[in-house]
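> In case you want the letters, here they are:
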Amino acid sequence: MVSVLTGGDASAQDVIQGGTDSGSALSRGMSTFWQYTGFSNITIGNIVMLLVGLFFIFLAIQFNYEPLLLVPIGTGIILGNIPFIEGFQIGIYEDGSVLNYLYFGVVKGIYPPLIFLGIGAMTDFSSLISNPRLMLLGAAAQIGVFGTFIGAMALGFEIHQAGAISIIGGADGPTAIFASSKLAPELIGSIAIAAYSYMALVPVIQPPIMKLMITKKERLIKMKPPRAVSKTEKILFPLIGMILTLFISPTALPLLGMLFFGNLMKECGVTDRLAETARTKLIDIVTILLGLTVGASTQASVFLTKESMMIFVLGAASFIVATAGGLLFAKIMNLFLKKENKINPLIGAAGVSAVPDSARVVQHEGLKSDPSNHLLMHAMAPNVSGVIGSAVAAGIMLSFLM
Amino acid sequence: MSYLLDAVNWPQIWVITAVGYSVVFTALILLIFVFKFMPKMLNMQLKRRLKKEGKYVERTEGDEPFIAGEVNAAIGTALSLYFSDLHDDESKIITIKRVERRYSPWSSKIYNINNVLPTTHR
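In order, the protein sequence lines correspond to chains A and B. Position 360, counted from 1, in the first sequence is what this note's numbering calls 360; the numbers after and before it change by one each time, with no gaps. Position 12, counted from 1, in the second sequence is what this note's numbering calls 414; the numbers after and before it change by one each time, with no gaps.
Just to be clear, a hint being listed does not mean it is correct.
As the list claims (entries may be wrong) - 27 Å max Cα-Cα, derived DSS-like pairs, lysine-lysine:
hint : chain 1 : residue 1 : chain 2 : residue 2
1    : B       : LYS453    : A       : LYS338
2    : A       : LYS338    : B       : LYS442
3    : A       : LYS234    : B       : LYS453
4    : B       : LYS438    : A       : LYS224
5    : A       : LYS231    : B       : LYS438
6    : B       : LYS457    : A       : LYS342
7    : A       : LYS339    : B       : LYS438
8    : A       : LYS231    : B       : LYS449
9    : A       : LYS222    : B       : LYS449
10   : B       : LYS453    : A       : LYS231
11   : B       : LYS499    : A       : LYS234
12   : A       : LYS222    : B       : LYS438
13   : A       : LYS339    : A       : LYS222
14   : B       : LYS438    : A       : LYS331
15   : A       : LYS211    : A       : LYS108
16   : B       : LYS442    : A       : LYS342
17   : A       : LYS234    : B       : LYS457
18   : B       : LYS454    : B       : LYS442
Keep in mind the hints are simulated off the structure, nothing from the lab.
Produce the entire structure from the sequences given, and follow the hints as far as they go.
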């Protein structure tokens, strides 16, 4: 404490040693102490960000919106916006601080592939394997990525920054962080917060677009139950998927490689222990570190800028475009399908890769129209193909712009 | 940031967008093709093996090629209920059982000091 307090005109040691002139020494010591407190250094920006952090925590606890992400991020925002005097290795942007070491995993893109490993180990691709054509919906929803890219360029962002921002449209937090760590590290905080905020708000953003675009009659369409998938197919899926997609987009290797590796561990049946660790402890640890450090990276002085505001606007637009793209493509697909094979266009909204939230929203909306129409299994197919699609899209952006 | 739209190389942006979007589609369409034909190939292999072993039975028209998800769910639920109803097989006799132990000389009373010392006989 004493060493921390030394450095100003007076120090805490002055307070202790100054026996003769104790009154003024005490006041000088107290004033130095005051200078080091958060109360003395607070800015309006800090107050705004502290309120944002508290709002995130409120959303998570009160409405259960992605609590596993919003609680660490909200707490991180609070931690990152406690005012302090720089130079004591406290802040996330100060070399050698604890938070700086933890943030290394974000800046260098280490955490996102580990999250993908966990996602792979917990995802069941059988609905996708049983009805592969639903993968098209995952590809269609990537219009959000490329639409945002054009939007960001039109708003005047530099091309690398535009590429990083565009991945928000994939509705995939880890992919957005990975891409921005490579293309525009200065925007990681804004991009990650925008991506995760809108992912948490999927239950609020998507239903109005669904209501707007899908008719009552279309919502009542019942799809054929997915066929049973053999174990061989489940094992072959990650292997073939890995080789095929990585040959097309090798820059997505860290993400897709880990995703399919995690899935192989789950499905092969001989590495249950590894799969269990990847989908529970490992992903939990990485989520805590990622959420906390991404939150802490939003120091008001760095975060509250015009660019961040524009990124938020682009993020909202990209989610809307991606959802609308998926829904529209599902409607177009129905024009070419036989009556018995028609798909419920609501599942197009699950093409954005917010797993499993958007699939859950589809199920919820489907049940509202017909309480016996369960769309969750069908919606999981475009949902997981959206994960693959957004990783491929990020890989393409990286290969074009790096 | 440059706010001059004229400075942006728009043809390059359109190329990235068009190529990128088509590559995403190509990757997933390839996967669709592979997984559309994979079950057929696997079934063909199985059919050939069964024919060789003479166990192959030609499927009649109307047979379901795969078990429907609902049937699977029903079977799964039934099995789950059955297994959750099972308990360890117990003897149902709750008594204190005599435990048989192998003999061990450790801490045996016959070797204690009282037995080693010579006893005086009156």
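> Each hint needs a verdict: does it hold in this structure or not?
Structure-based check of all given hints:
1. B/LYS453 - A/LYS338: violated, 34 Å
2. A/LYS338 - B/LYS442: holds, 21 Å
3. A/LYS234 - B/LYS453: holds, 25 Å
4. B/LYS438 - A/LYS224: Since the Cα atoms of B/LYS438 and A/LYS224 sit roughly 16 Å apart, the hinted pair holds (cutoff 27 Å).
5. A/LYS231 - B/LYS438: holds, 16 Å
6. B/LYS457 - A/LYS342: violated, 37 Å
7. A/LYS339 - B/LYS438: holds, 20 Å
8. A/LYS231 - B/LYS449: The given pair, whose Cα atoms are some 17 Å apart, holds under the 27 Å limit.
9. A/LYS222 - B/LYS449: violated, 33 Å
10. B/LYS453 - A/LYS231: holds, 22 Å
11. B/LYS499 - A/LYS234: Violated, at roughly 51 Å.
12. A/LYS222 - B/LYS438: holds, 22 Å
13. A/LYS339 - A/LYS222: Holds, because 11 Å separates the two Cα atoms, which is no more than 27 Å.
14. B/LYS438 - A/LYS331: holds, 22 Å
15. A/LYS211 - A/LYS108: violated, 41 Å
16. B/LYS442 - A/LYS342: holds, 22 Å
17. A/LYS234 - B/LYS457: Holds, at about 26 Å.
18. B/LYS454 - B/LYS442: holds, 18 Å
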